[in-house]
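2 protein chains.
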Amino acid sequence: MFVIITYDIGHKRVGKVCKKMREYLDWTQNSVFEGEITVGALTKCIRELHEIMNNEEDSLYVYQINNPKHIKKTIHGQEKCPIDLFL
Amino acid sequence: MFVIITYDIGHKRVGKVCKKMREYLDWTQNSVFEGEITVGALTKCIRELHEIMNNEEDSLYVYQINNPKHIKKTIHGQEKCPIDLFL
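Those sequence lines, one after another, are chains A and B. For the first sequence, full-length UniProt numbering begins at 1 and goes up steadily by one. For the second sequence, full-length UniProt numbering begins at 1 and goes up steadily by one.
Be careful, since some hints might not be right.
Identical copies carry no separate label here, and so any pair may be met within one copy or between two of them.
[What the hints assert, rightly or not] Computed list of lysine to any residue pairs in SDA-like fashion (alpha-carbon distance at most 25 Å, straight line):
#1 LYS72 x GLU56
#2 LYS80 x ASP8
#3 LYS80 x ASP26
#4 LYS16 x ASP26
#5 LYS16 x HIS70
#6 LYS16 x ASN66
#7 LYS12 x ASN30
#8 LYS12 x GLU36
#9 LYS12 x PRO68
#10 LYS12 x ILE65
#11 LYS16 x ASN67
#12 LYS80 x GLY10
#13 LYS16 x ILE71
#14 LYS69 x PHE2
#15 LYS19 x GLU48
#16 LYS44 x THR74
#17 LYS12 x GLY40
Keep in mind that the hints were calculated from the coordinates and are not lab data. Fair warning: this is a prediction, and the values are worked out from it, not measured in the lab.
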């Protein structure tokens, strides 16, 4: 399964959230992770994220596409690379 | 067709980019627009965005899913609403 996770997390927690998501997916742009993942790994990832998140303030959307052939991604302008996450 | 657009735009241009995208799609979270759109409208939207963007600095990803049934969205924490775009 292919997933896109977009997030809007309080600045005190965003570092930990990114660190956790990097265990499972690829950072592709500010506020966006994506990649292939199993249902089990996604469930575990989300459970661990909930332990970090403040559900009253933070926002995290998970878009799941079962067949990667059903989604097409086009890049306009710059393609951000993981190192940008630390700049 | 359903699309998700994620963006990382220089602060001088992000306001104009958001204003333009609101003509076509729904703002759902910082750096994320989504919604149903025709191929023609998406082509026009992207062309107009390129007139605003600085391709050397800005980054914009367009995820296209032809059949909205092929994507499932789950929300964790807060669901941001369009008014948050102005806070």
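Inset, instruction - At 25 Å max between alpha carbons, let me know whether LYS16 reaches HIS70 within a copy, between copies, both or neither. - result: neither (31 Å within a copy, 31 Å between copies)
Inset, instruction - First find the shortest C-alpha distance between LYS12 and GLU36 inside one copy, then the shortest across copies, and answer within, between, both or neither for a cut-off of 25 Å. - result: Cα proximity of LYS12 and GLU36: none, with 28 Å in one copy and 34 Å across.
Inset, instruction - Measure nothing new, just compare the shortest in-copy and cross-copy C-alpha distances for LYS19 and GLU48 to 25 Å and report within, between, both or neither. - result: Within one copy only: 11 Å inside a chain, 35 Å across chains, cut-off 25 Å.
Inset, instruction - Please work out whether the CA atoms of LYS80 and GLY10 approach to 25 Å or closer within one copy, between two copies, in both situations, or in neither? - result: both (22 Å within a copy, 13 Å between copies)
Legend entry - Identical-chain pair category, LYS16 with ASN66, by Cα at 25 Å: Close neither inside one copy (27 Å) nor across copies (34 Å); limit 25 Å.
Inset, instruction - Can you give me the call for LYS69 and PHE2, within, between, both or neither, at a CA distance of at most 25 Å? - result: Both. Shortest intra-copy (9 Å) and inter-copy (14 Å) distances satisfy the 25 Å Cα cut-off.
Inset, instruction - Can you give me the call for LYS80 and ASP26, within, between, both or neither, at a CA distance of at most 25 Å? - result: Cα proximity of LYS80 and ASP26: in one copy and across copies (11 Å, 24 Å).
Inset, instruction - Since the copies are identical, ignore which copy is meant and state whether LYS12 and ILE65 lie within 25 Å (CA to CA) inside a copy, between copies, both or neither. - result: neither (30 Å within a copy, 34 Å between copies)
Inset, instruction - State whether the alpha carbon distance between LYS80 and ASP8 is at most 25 Å within one copy, between copies, both, or neither. - result: both (18 Å within a copy, 9 Å between copies)
Legend entry - Intra- versus inter-subunit Cα pairing at 25 Å for LYS12 with PRO68: neither (33 Å within a copy, 35 Å between copies)
Legend entry - Alpha-carbon proximity between LYS72 and GLU56, which holds within one copy, between copies, both or neither at 25 Å: between (33 Å within a copy, 23 Å between copies)
Inset, instruction - Have a look at LYS16 and ASN67 and pick one of within, between, both or neither, based on CA distance no larger than 25 Å. - result: Classified as neither; 29 Å inside a copy, 34 Å across copies.
The structure shown violates the earlier hints numbered 5, 6, 8, 9, 10, 11, 13, 17.
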